[in-house]
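There are 2 protein chains.
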Amino acid sequence: MIDRLIDKIEKTGNPSVVGLDPVYEMIPANIRKEMLDSYGKTPKAVAEMFIAFNKGLIGALCDIAPAVKPQIAMYEKYGLEGVRAYIETASYAKEKGMVVIGDLKRGDIATTAAAYAAHIGGVTVEGEAFDLWNEDAVTLNPYMGFDGIEPFIKPCNDLDKGIFVLVKTSNPSSADVQDIEAPGGPLFERVAALVAEWGKLAMGGKGYSRVGAVVGATYKEQGEKLRKMMPSTFFLVPGYGAQGGKGSDIKGFFGPDGRGCIVNSSRGIIAAYKNDRKYSDADFADAARNAALKMKGDIAG
Amino acid sequence: MIDRLIDKIEKTGNPSVVGLDPVYEMIPANIRKEMLDSYGKTPKAVAEMFIAFNKGLIGALCDIAPAVKPQIAMYEKYGLEGVRAYIETASYAKEKGMVVIGDLKRGDIATTAAAYAAHIGGVTVEGEAFDLWNEDAVTLNPYMGFDGIEPFIKPCNDLDKGIFVLVKTSNPSSADVQDIEAPGGPLFERVAALVAEWGKLAMGGKGYSRVGAVVGATYKEQGEKLRKMMPSTFFLVPGYGAQGGKGSDIKGFFGPDGRGCIVNSSRGIIAAYKNDRKYSDADFADAARNAALKMKGDIAG
Chain C
8 MIDRLIDKIE KTGNPSVVGL DPVYEMIPAN IRKEMLDSYG KTPKAVAEMF IAFNKGLIGA
68 LCDIAPAVKP QIAMYEKYGL EGVRAYIETA SYAKEKGMVV IGDLKRGDIA TTAAAYAAHI
128 GGVTVEGEAF DLWNEDAVTL NPYMGFDGIE PFIKPCNDLD KGIFVLVKTS NPSSADVQDI
188 EAPGGPLFER VAALVAEWGK LAMGGKGYSR VGAVVGATYK EQGEKLRKMM PSTFFLVPGY
248 GAQGGKGSDI KGFFGPDGRG CIVNSSRGII AAYKNDRKYS DADFADAARN AALKMKGDIA
308 G
Chain F
8 MIDRLIDKIE KTGNPSVVGL DPVYEMIPAN IRKEMLDSYG KTPKAVAEMF IAFNKGLIGA
68 LCDIAPAVKP QIAMYEKYGL EGVRAYIETA SYAKEKGMVV IGDLKRGDIA TTAAAYAAHI
128 GGVTVEGEAF DLWNEDAVTL NPYMGFDGIE PFIKPCNDLD KGIFVLVKTS NPSSADVQDI
188 EAPGGPLFER VAALVAEWGK LAMGGKGYSR VGAVVGATYK EQGEKLRKMM PSTFFLVPGY
248 GAQGGKGSDI KGFFGPDGRG CIVNSSRGII AAYKNDRKYS DADFADAARN AALKMKGDIA
308 G
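Taken in sequence, the protein lines are chains C and F. Once you know that position 143 of the first sequence is 150 in our numbering, the rest is easy, because the numbers rise by one and skip nothing. Once you know that position 122 of the second sequence is 129 in our numbering, the rest is easy, because the numbers rise by one and skip nothing.
Incorrect hints may appear among the rest.
To be verified - Facing chain F, according to a computed beta carbon distance under 8 Å, are these residues of chain C, among others:
(1) GLU41
(2) SER45
(3) ALA52
(4) ILE58
(5) ALA59
(6) ASP115
(7) TYR123
(8) VAL130
(9) VAL132
(10) LEU173
Said to hold, decoys possible - Cβ-Cβ distance ranges computed for the label pairs, FRET-style:
(11) ASP290(F) to GLY134(C): 27 to 37 Å
(12) LYS281(C) to LYS258(F): 54 to 64 Å
(13) LYS103(F) to GLY47(C): 24 to 34 Å
(14) GLY104(F) to ALA36(C): 41 to 51 Å
(15) ASP293(F) to GLY134(C): 29 to 39 Å
(16) GLY191(F) to PRO263(C): 31 to 41 Å
(17) LYS258(F) to SER98(C): 47 to 57 Å
To be clear, the hints were calculated from the coordinates, so they are not data collected in a lab. Positions of the beta carbon are idealized from the N, C-alpha and C atoms, including for glycine.
Generate coordinates for the entire structure from the input sequences, incorporating the hints supplied.
As structure tokens, then:
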């Protein structure tokens, strides 16, 4: 997965990932009306809105962006129908050749972590194999330690999948826990050392591990330091755009090979049509494409 | 929720919660055969197995155990059908009067955490309200800090729901991150102080907060210390039984009022029929009831 991601980034010249994090208010009025008319004021209507919206976005972005990152929370919000929309979104993005990073932030122990590992490892029922989630990689939470990570290592290697472990998240209160001072540095640096160590268990062929790290764009100095601490770890970088991160902030998150980073933007791309009066609701996909190209330029610069 | 939970614990005289964490191998052969015959070797068949198994367990346990804790990973493993089984399980337990603690361990930031909060807060579509997950409380991960917790506080108070935040988990490698030494003590004690502080925002009427903590039975001294540090925090205690925790280990996890704790057992109860040759597959629910009564006695002692 990490080699495929690097290839896709180089082919598109665009180290960014589109966060498919729809919220109800973002859905263009015509799609909203169509689904409410068809399904009533129901979670199913919202699920169909999300699917239609995401398919429009994926169609407009699949040749210029290497990957999508649907945030499962936005879908879980709408219960079972929402989860269905998540799975259909991942499936469609995969069909269009995009790398799919499921933003799950799961973290649990032993047999439970092994169950979550089905997200990338698939499942068998009496010998019949199923890949039910269509994800190439997922995000994980490190609070439980290696027990929560270990079951993912095998599918990373056997099926060429990937994981990104939270190290330093982009939100303001990430400091509450992640910045607690421990001997040798703040907690997130200790976690970074663990993630780098775990990464050795699943190296790809281009110098980067299938075990990546989540490092927020909003913490410039920390990201630069982490890059030096974990040279073989690919960074998934949230916090660009709506949360305040800029292209110039994340220059030092890339390795000396110009690789090592994929930057996420969600609202800034998928809701771009809302930020410029020249766009109508029907232009949402074009607006997203233009915003994605602008972001590509910003990061390249 | 926390007051209702305390009431249910006192009514049943049983401070324990049944972990509804089914795995395929646990399913009695008759149920397995029935569902494979009806649905083939498919995730849907497994979902139907889990529903039938859980309904049998809930029916046998609902008058002697106050609560169930389905672990969503076990269900997510089987994709959308699995998630449906989770929701139907929660719904049935609720119908039978049990408190439902969804073991999600979600943790995310800002708008994303707000989306996850729909698990307990419900969702509206154009003014129509839905409670899609049927949970009274959920478990959360603190790694993101207060941003990940805050959106849950309002439904805790407005809808009398609850959360349990991971403090010290029961697994061996919980030490990797949670025991990292920080000024004033290991990380999990720092997190405990935060959780106690957050708990003040959602106090129930019986001296305990709707913001609880997860504290593993496998760490006796730590649990006793945490009880002193956080007297108004209700503990959800995993690690009893199959993971090695005993009733005598957790005596000090209870407060001086004899309250403050609910102890989880999963395999030890739901797969009890596998541990004693006197039981046949058809006895799985009876075996679970007997195991639950035995556990109740062990904790009371």
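Query raised in the report: Broken hints, numbered, in rising order?
Result: Of the numbered hints, 1, 2, 4 and 5 do not hold.
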